[in-house]
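All chains should be built: construct the whole structure from the sequences, respecting the hints.
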Amino acid sequence: MLRPWPFNGGVHLEGHKQESNFAPLIIPPLPKTLIYPLPQLNSGNGNILVASGDRVLKGQAIVVSDNPMLPPVHAASSGWVRCIEQRPLPHLSGLTGDCAVIDVDGLDESVEFQGFPNYAEVEQAGLCARIHAAGIVGLGGAAFPTMVKLKPPKHLKVETLVLNGAECEPYITCDDSLSRHFPHAVLGGAKILMHILGVACCLLAVEEDMPQAIAALEKAKSEGDYRQIEIVPVPVIYPMGGERQLIQALTGKEVPTDGLPAEVGVVCQNVATAAAVYQAITTGEPLISRIVTVTGQGVRRPQNLLVRIGTPIAELVEQCGGYTDSAERLILGGPMMGIALPTDDIPITKAANCILVAGRDEVVGVKHSMPCIRCGACATACPVNLLPQQLYWHSRADSLDRVMAYHLPDCIECGCCDVVCPSHIPLVQHFRSAKSKVAAKEQERLKAGHARFRYEARQERKQREQLEKAESAKRKKELLATAFLTSNNAC
Numbered sequence: 028m029l030r031p032w033p034f035n036g037g038v039h040l041e042g043h044k045q046e047s048n049f050a051p052l053i054i055p056p057l058p059k060t061l062i063y064p065l066p067q068l069n070s071g072n073g074n075i076l077v078a079s080g081d082r083v084l085k086g087q088a089i090v091v092s093d094n095p096m097l098p099p100v101h102a103a104s105s106g107w108v109r110c111i112e113q114r115p116l117p118h119l120s121g122l123t124g125d126c127a128v129i130d131v132d133g134l135d136e137s138v139e140f141q142g143f144p145n146y147a148e149v150e151q152a153g154l155c156a157r158i159h160a161a162g163i164v165g166l167g168g169a170a171f172p173t174m175v176k177l178k179p180p181k182h183l184k185v186e187t188l189v190l191n192g193a194e195c196e197p198y199i200t201c202d203d204s205l206s207r208h209f210p211h212a213v214l215g216g217a218k219i220l221m222h223i224l225g226v227a228c229c230l231l232a233v234e235e236d237m238p239q240a241i242a243a244l245e246k247a248k249s250e251g252d253y254r255q256i257e258i259v260p261v262p263v264i265y266p267m268g269g270e271r272q273l274i275q276a277l278t279g280k281e282v283p284t285d286g287l288p289a290e291v292g293v294v295c296q297n298v299a300t301a302a303a304v305y306q307a308i309t310t311g312e313p314l315i316s317r318i319v320t321v322t323g324q325g326v327r328r329p330q331n332l333l334v335r336i337g338t339p340i341a342e343l344v345e346q347c348g349g350y351t352d353s354a355e356r357l358i359l360g361g362p363m364m365g366i367a368l369p370t371d372d373i374p375i376t377k378a379a380n381c382i383l384v385a386g387r388d389e390v391v392g393v394k395h396s397m398p399c400i401r402c403g404a405c406a407t408a409c410p411v412n413l414l415p416q417q418l419y420w421h422s423r424a425d426s427l428d429r430v431m432a433y434h435l436p437d438c439i440e441c442g443c444c445d446v447v448c449p450s451h452i453p454l455v456q457h458f459r460s461a462k463s464k465v466a467a468k469e470q471e472r473l474k475a476g477h478a479r480f481r482y483e484a485r486q487e488r489k490q491r492e493q494l495e496k497a498e499s500a501k502r503k504k505e506l507l508a509t510a511f512l513t514s515n516n517a518c
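My numbering applies: residue 28 is where the sequence shown begins, and numbers increase by one.
In short, the hints are calculated from the structure, not lab data. Careful: at least some of the hints might be erroneous.
[Unchecked claim] Calculated cross-link-like contacts (lysine-lysine; reagent style DSS-like; alpha-carbon spacing at most 30 angstroms): (1) Lys489 / Lys504; (2) Lys489 / Lys503; (3) Lys462 / Lys280.
[Said to hold, decoys possible] Ranges of calculated distance between the beta carbons of each label pair, as one might list FRET restraints: (4) Ser79 / Pro144: 48 to 54 angstroms; (5) Gln470 / Lys503: 32 to 38 angstroms; (6) Ser79 / His434: 20 to 26 angstroms; (7) Pro33 / Val175: 26 to 32 angstroms; (8) Ser137 / Arg423: 52 to 58 angstroms.
Note that beta-carbon positions come from the ideal geometry of N, C-alpha and C, so glycine has one too.
This is how it looks when you write it as structure tokens:
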């Protein structure tokens, strides 16, 4: 069995996994309403295919695009489009955006799905096209289009597929539940991804504190032709589930700064993404559901649910018994990298893996930061080998050139430095602020460059016009002189 390489940094956190993991996986009844945030598409890139009053079927595309970075969105059940209106978005900004609101009719009528049971006979391009048409994105939280990852630059040779089943963030157990209940879908999806990439090796990472998931995957492996897939238990340390950290732990290779995993011969996908690929290729069903963890002291029955994408969070909380008296904050994601939500009227999207209803004991109150004591704990904990202390000082001073010199873009905002800081300094907040200032400065630089280009082009145009005018006047003068001489000679 492969022995994982350690990566620098990381922190050990209390898991809080048992709250949701001991309950059985629940398939809730159809939601009353489905809500789909609509991407901003111009007429050249894609189209919103529905309007108020239209009836849609389960699996019907409601948004399509030629842009590979914008996979289609599909209705998760049949019903009628009530409206397209401004609704709160599941985003850190708290902004609103256009959303299609569908009233579910309860019939769950579906379009006809057609899969590729003999996918090995289908060309890789055809499988990638099906994955894009199914709207599949990374289900680990980033929602990066899966088809794009499956088409690395031609000059890079991919040798290994890494499947990420390491749920390192506290409270989240959706991938654990998936691996326990649908191990054949995970392994079958891994084989399809290996076929598309043309690789002969797959490393499936599962954390050591997920024994039931490991046992289910090993049992499924023994029952099928999955010899090229190695199930690797990895240490329980945060952020082991980060793509770069996991690749380093499994292969010993470090993905270069600003580089792609394919540059070290690896493509990494989430286990839920692999299961969605298996479903889309073998049955033709698009990505319309996923497992979501609903947990925390603020909900009565923490558990995992197989949820239709588009379901409002309020309906999921109701399925889990409703809020408790201690419910204090609603968080999309985990406590380390999740975002606080202003309302539970926000829908489950493809990227939503956990709804944490934090109780009073789980919410960190207002911390009063103290001066940095230069203990170096933040640098020890940083999983990407940065110097958070130096980044902090330079970001406070708005020394943007210096923070860039200390590799600010490499910060993954995991929060390890915040956890270990004895002075309670909100380091990640400072780094996010510095990143936004760097981005604003870059925008100003681009605008200034564009303005300079326009000014120089205008000056060149004026000089050209003056030269043309002078040349025209010269030619006119020569013609007049020639005409005068000709008339004199005639006389």
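For the pair supplied as a hint, Lys462 and Lys280, is the alpha-carbon distance within the 30 angstroms limit? Holds, because 27 angstroms separates the two Cα atoms, which is no more than 30 angstroms.
Given the hint of 52 to 58 angstroms, is the C-beta distance from Ser137 to Arg423 inside that range or not? holds (56 angstroms)
Assess, step by step, whether the Cα of Lys489 is no farther than 30 angstroms from the Cα of Lys503, and give holds or violated. Distance ~21 angstroms between Lys489 and Lys503 Cα, so the pair holds.
Verify the proposed pairing of Lys489 with Lys504, using a straight-line Cα cut of 30 angstroms. holds (22 angstroms)
Can you tell me whether the CB distance of Gln470 to Lys503 sits inside 32 to 38 angstroms? violated (49 angstroms)
May I ask you to test the hint 20 to 26 angstroms on the CB atoms belonging to Ser79 and His434? Given about 49 angstroms between the Cβ atoms, the range is violated.
Take the C-beta atom of Pro33 and the C-beta atom of Val175, compute their distance, and say whether it sits inside 26 to 32 angstroms. holds (31 angstroms)
Against the range 48 to 54 angstroms, how does the distance between the Cβ atoms of Ser79 and Pro144 compare: consistent or not? Taking Cβ atoms as reference, Ser79 and Pro144 lie about 39 angstroms apart, which means the hint is violated.
Hints 4, 5, 6 from the list above are not met by this structure, while the remaining hints are.
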